[in-house]
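Residue numbers for the sequence shown follow our numbering, beginning at 112 and rising by one.
Source of the hints: derived by calculation from the structure; they are not laboratory data. Ideal placement from N, C-alpha and C gives every residue a C-beta, glycine not left out. Please note that the accuracy of each hint is not assured.
The calculated label-pair distances, taken between Cβ atoms and stated as ranges, are [stated by the list, open to error]:
#1 G409 / L305: 45 to 55 angstroms
#2 G244 / R347: 30 to 40 angstroms
#3 D438 / D382: 39 to 49 angstroms
#4 G466 / G367: 28 to 38 angstroms
#5 S217 / G466: 51 to 61 angstroms
#6 R330 / G203: 51 to 61 angstroms
#7 D421 / G482: 25 to 35 angstroms
#8 A504 / G198: 38 to 48 angstroms
#9 G531 / V218: 21 to 31 angstroms
#10 S486 / P381: 43 to 53 angstroms
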Amino acid sequence: MTGRRRTRSTFLPGLLTRHAGHGILSALTAVACASLLAGCGVVPGTTEDAGGDTITVMTWAPQNTEATNKPGMPALARAYARWINAGGGINGRKLNVLTCNDHNDSVAAAKCARRAAKENVVAVVGSYSQYAGSFFPSLEGAGIPYIGGYGITNDEFTSPLSYPVNGGQPALLAGLGSALSDCGPVALIRPDTLAGDQLPPLLDSGLKAGGHRASNDQRAAEDATAYDDQAERALRTTTGGTGQGCVVPALGDRSGTFMDSFRRARGDYPDVRTATVLGSVDQTVIDATGGASGPYEGSYITGWYPVASDPRWDEMKRVIRQEAFGDNRIDPADAGVQTTWIAYTVFRQVAESIGDGEVTADTVTQALDDGLKVSTGGLTPTLRWQFQDKLAAVGFPRLVNANVTVQVVREGRLVSARKGFVDTTKTLQDADVDY
Numbered sequence: 112m113t114g115r116r117r118t119r120s121t122f123l124p125g126l127l128t129r130h131a132g133h134g135i136l137s138a139l140t141a142v143a144c145a146s147l148l149a150g151c152g153v154v155p156g157t158t159e160d161a162g163g164d165t166i167t168v169m170t171w172a173p174q175n176t177e178a179t180n181k182p183g184m185p186a187l188a189r190a191y192a193r194w195i196n197a198g199g200g201i202n203g204r205k206l207n208v209l210t211c212n213d214h215n216d217s218v219a220a221a222k223c224a225r226r227a228a229k230e231n232v233v234a235v236v237g238s239y240s241q242y243a244g245s246f247f248p249s250l251e252g253a254g255i256p257y258i259g260g261y262g263i264t265n266d267e268f269t270s271p272l273s274y275p276v277n278g279g280q281p282a283l284l285a286g287l288g289s290a291l292s293d294c295g296p297v298a299l300i301r302p303d304t305l306a307g308d309q310l311p312p313l314l315d316s317g318l319k320a321g322g323h324r325a326s327n328d329q330r331a332a333e334d335a336t337a338y339d340d341q342a343e344r345a346l347r348t349t350t351g352g353t354g355q356g357c358v359v360p361a362l363g364d365r366s367g368t369f370m371d372s373f374r375r376a377r378g379d380y381p382d383v384r385t386a387t388v389l390g391s392v393d394q395t396v397i398d399a400t401g402g403a404s405g406p407y408e409g410s411y412i413t414g415w416y417p418v419a420s421d422p423r424w425d426e427m428k429r430v431i432r433q434e435a436f437g438d439n440r441i442d443p444a445d446a447g448v449q450t451t452w453i454a455y456t457v458f459r460q461v462a463e464s465i466g467d468g469e470v471t472a473d474t475v476t477q478a479l480d481d482g483l484k485v486s487t488g489g490l491t492p493t494l495r496w497q498f499q500d501k502l503a504a505v506g507f508p509r510l511v512n513a514n515v516t517v518q519v520v521r522e523g524r525l526v527s528a529r530k531g532f533v534d535t536t537k538t539l540q541d542a543d544v545d546y
C-alpha cells in the first residue's frame, strides 16, 4: 500500500545502530501529539482520503514561540498539497501533508519525529528545527528521509538520511567572507556557544580567499536584551584601520537586537558597513528597521537562492495566490518558505521517478541514494546526493549545494549584488573547521 514503510535492514546499519533504542518510543506518539494538538495538523479534506492512493509526508517548524517562528513553512506545505491534488496528485496519488509544531523545543521536536514514524510518513519535507540531535534518532531508526531541512544544524550535513537543498550557515558565511574582501577591518559578533565557535573559521575562509586578514572575533550572549558593549567594541575595531570597516552580526534572531544597539552607537564613529546572512536578516526585517533609512542600507547579505523578485519564483507565487490567498503567514521572500517550496519540488520529482511502484520511505531513500538528479527550475544547481561528497573532508558529507547569492540592500530593497551564484565549495574545503 502506498505510503506504508517496510523495516529497513540494509541501509548503513553501522551508522544507525546507536539509534535503535529510539524505535520503541514511537508507541508514545499518540500521547505526544495530543499534547501538541494545536501544532499538529493535516491538509484539510485529505485525512479521510489517506490510504492506498495517498502519499503521506510531514513538515514541521516552530510556531507561536517567543523566539524563532516559521509558520509559513507548514502553511506553504499545505498550499502545495492543495495545488498538487487539484492537478491530479503525483502519478495519480493524493499528497497528504501532516504538520507539527516543534515549539523551538528539543522535547517537542522529538515528539514530532516520533509522530512521523507512527504515521508511516515517507519523508519529512521542507522543515525547520534547531534540535537535530533530538529528531534525527527517531527518523534514522525508522528509515525516514529528511528532505530540504533549513540547513541550521550540522547534523543536516552529516546524517545519511538527510538530503539538504542548500549549503546552510557554512556556505552563507564563506560566501559573505568572499564578498567582504574589499572591506577594511571586519568584526564578527557571534554567540558565545559551541555552535558559535564554528562561525569565525567559516567567515575567515572567505576573507582569506579574497586576500583579507581574519576577522576580529567578538563573542556575545545569545539571549541578551541589549548589545551596547559589543556595538561599541565593534565600532572601535572597524574604524581604527585603513579603509571602511565592516561589522557582521551573526546572532540569529538576536541580530536585530544588536542592530538596535549599533544604530544608537554608530553616530559617534566614522561610517562603517554592515553585512550578514539571510536568516538573520530578510526583507521583513529590513522593512521593520526603517528600510532605506535603516541600519541595513548598503549591507551585503548572502542568501541561498535568487532574490524574491527573480522570475524563477513566479510559479511559487502563483501557487500561493491560488491556494493561500490572504494567508499572511506565507511570505514569498522568506527563506523558510522558499526552502519548503524547493524541498517539495525535489520530493515531487523523487515520487514521480518511482512511477507505479510503491512510494515508501525505503523507495524514496533508494531513489535519492541511486543518484537521481533533481532540477529546481534554476533556483539551485541540479541536485544529486552521494554519501561522501566533495565536502566530506571538512565534516559536511551531505552538503551538495555550496552555491550562494550575494545580495545588497539598495533603497531599502534586497537586490542582486552579483549576477548568478557564487560556488563556495573550494573556500569551504580550505576552511579550518574543527568538527
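Going through the hints against the structure:
1. G409 / L305: 45 to 55 angstroms: For G409 and L305 the Cβ distance comes to about 33 angstroms; the hint is violated.
2. G244 / R347: 30 to 40 angstroms: holds (38 angstroms)
3. D438 / D382: 39 to 49 angstroms: holds (41 angstroms)
4. G466 / G367: 28 to 38 angstroms: violated (48 angstroms)
5. S217 / G466: 51 to 61 angstroms: violated (39 angstroms)
6. R330 / G203: 51 to 61 angstroms: Since the Cβ atoms of R330 and G203 sit about 55 angstroms apart, the hinted range of 51 to 61 angstroms holds.
7. D421 / G482: 25 to 35 angstroms: Check passed, 28 angstroms falls within 25 to 35 angstroms.
8. A504 / G198: 38 to 48 angstroms: Holds, at about 43 angstroms.
9. G531 / V218: 21 to 31 angstroms: Because 43 angstroms falls outside the window, the suggested range is violated.
10. S486 / P381: 43 to 53 angstroms: Roughly 47 angstroms apart at Cβ, these two residues keep to the hinted range, so it holds.
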